[in-house]
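Sequences listed follow chains H and U, in order. Letter 191 of the first sequence, counting from 1, is numbered 191 in the numbering used here, and no numbers are missing. Letter 20 of the second sequence, counting from 1, is numbered 388 in the numbering used here, and no numbers are missing.
No incorrect hints appear here.
Straight-line C-alpha distance at most 25 Å; calculated SDA-like pairs for lysine to any residue:
1. K167(H) to Y306(H)
2. K167(H) to L77(H)
3. K109(H) to L385(U)
4. K107(H) to F389(U)
5. K107(H) to H376(U)
6. K440(U) to I49(H)
7. K136(H) to A58(H)
8. K109(H) to P192(H)
9. K440(U) to E48(H)
10. K191(H) to A177(H)
11. K105(H) to K440(U)
By construction, these hints were calculated from the structure, which means they are not laboratory data.
As a plain string of letters, each chain reads:
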Amino acid sequence: MAVADTTDQHDHDHDHHDHAPFIAHHFDGPEQQFDSGKLGIWLFLVTEILFFSGLFVAYILYRSHHPDIFQLAHHHLDKVLGCLNTIVLLFSSLTMALAVRSAQKGKNKNCELYILVTMVCATIFLGVKAVEYSHKWDLGIFPKSFFNYSEGHHATGFLGLSPYLIKLSVIPALLLAGFAGTSIFGKLTDKPAMGKFFLGMAITVAGYFGGVFGGIVYQNAIGSGHEQHASVSHQPMMLHAAMFDDDGHDHAEGDDDQDHADGEGHSDEEHAGEEHAEGEHAQGGHHSELGHSMPKSVGAFFSIYYCMTGLHAIHIIGGVVALAWIYYRSQQGHWREDYFGPVDYVGLYWHLVDLIWIYLFPLLYLID
Amino acid sequence: MSDHSHDHPSFNHAAPLPLLFIVFGALIFLTIATVVTSNIELGEFGFIVAMIIATMKAFLVCAFFMHMWWDKGLNILVFFSSLIFVSLFVGMTLLDTGANMESIDSFPTTEDSSLSTTEY
Numbered sequence: 001m002a003v004a005d006t007t008d009q010h011d012h013d014h015d016h017h018d019h020a021p022f023i024a025h026h027f028d029g030p031e032q033q034f035d036s037g038k039l040g041i042w043l044f045l046v047t048e049i050l051f052f053s054g055l056f057v058a059y060i061l062y063r064s065h066h067p068d069i070f071q072l073a074h075h076h077l078d079k080v081l082g083c084l085n086t087i088v089l090l091f092s093s094l095t096m097a098l099a100v101r102s103a104q105k106g107k108n109k110n111c112e113l114y115i116l117v118t119m120v121c122a123t124i125f126l127g128v129k130a131v132e133y134s135h136k137w138d139l140g141i142f143p144k145s146f147f148n149y150s151e152g153h154h155a156t157g158f159l160g161l162s163p164y165l166i167k168l169s170v171i172p173a174l175l176l177a178g179f180a181g182t183s184i185f186g187k188l189t190d191k192p193a194m195g196k197f198f199l200g201m202a203i204t205v206a207g208y209f210g211g212v213f214g215g216i217v218y219q220n221a222i223g224s225g226h227e228q229h230a231s232v233s234h235q236p237m238m239l240h241a242a243m244f245d246d247d248g249h250d251h252a253e254g255d256d257d258q259d260h261a262d263g264e265g266h267s268d269e270e271h272a273g274e275e276h277a278e279g280e281h282a283q284g285g286h287h288s289e290l291g292h293s294m295p296k297s298v299g300a301f302f303s304i305y306y307c308m309t310g311l312h313a314i315h316i317i318g319g320v321v322a323l324a325w326i327y328y329r330s331q332q333g334h335w336r337e338d339y340f341g342p343v344d345y346v347g348l349y350w351h352l353v354d355l356i357w358i359y360l361f362p363l364l365y366l367i368d
Numbered sequence: 369m370s371d372h373s374h375d376h377p378s379f380n381h382a383a384p385l386p387l388l389f390i391v392f393g394a395l396i397f398l399t400i401a402t403v404v405t406s407n408i409e410l411g412e413f414g415f416i417v418a419m420i421i422a423t424m425k426a427f428l429v430c431a432f433f434m435h436m437w438w439d440k441g442l443n444i445l446v447f448f449s450s451l452i453f454v455s456l457f458v459g460m461t462l463l464d465t466g467a468n469m470e471s472i473d474s475f476p477t478t479e480d481s482s483l484s485t486t487e488y
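Just chain H, same shape as in the assembly (with noise of 0.2 Å):
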């Protein structure tokens, strides 16, 4: 950054244009500045879109070659936290919007709260995210070849709440103490500047807490419900996944808790099985003999999964450090008329991290 060297001499000449303080000396003047940047952060958001692309055609193709895997996948996705996120993220964007239209009009004061907004609808959606993750640890739904699903099998852990969400929460809890604790010192030792930033994070790491709260209320209010349903139309894919187990093995009797005990071990002599399941199902065409092929294969829609939404959660997280940039210049407040581009950019990148779950949220969730 050279504009950073520059900040001292920013209040002498506030009210000259001509003299802005953000100015690198190797551009003539704002606009210049401003264009170059604004070329720079759309070439890295092609670069962004070129990287997304690859899970995307990854996507396609498997789609293409077994649309049936994603019909009996879909089903464990839970649209309506799904929609919920995509509504916290497109919030996000309108406030991100109205941010850089504060900054652009010098209005710092409000650009802050704006930013401070859309950092919080951040975490929210992170929040809801591993709500949704670690619900589908619980379940076994992991990727390809750690796949284990079993609707029995529900560790608990404090309250009552899934272990692998507690593990998830460690770092933001971490997170939410260490900031609380700078701010308060902050004030204490006379610094108001490092004390009201890190009010901001406290804040925003708050608001992964307030989408995991939303998430947990949610799933528990459906909870009941959903699993009855779940379970009458899974039982018979894993008792068929126990009897192609049983064709290639001396296994026992196929009850569930058995197919969950030793998943990893046999997931070969499964992938025969599901050959032979194939072939029959080209003949029944049955929809309840889609079954046959859920156990394994089905992980494979959920690496898809995982890598796209992970992908994305670890841009939200990238973002929200570029945002607290902003806030924390934003509380400075260097922003005026004719320099504002860093809220621009790092707004234009954050619509396009919206964007992107724009189209993740119907081919992940909304497949029929």
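Chain U: place on chain H using the hints.
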């Protein structure tokens, strides 16, 4: 733009406030619409409808939230060039996927070969 350049620099074009809220409303409407249409049995058509709605949402975000409507032609060109390369990537890969089916089909179909032909 040039008529109020005395207020702020010409490259500073703020999106109109009502427009941003209208776009947000439209995005929420389209999100609900895509969830509703996914619950209706449309068969093969359902995927196309979902993609059309997603593309409409993408247009709204790009054009107004990302200021592309008022942006320089070069930036728009750069952005759309990425879509050209993505479509090449997808198209060429899809063209190639069926290319080896013939040799797979002619492969002796014994009991053992069923293991190797389908690797998900």
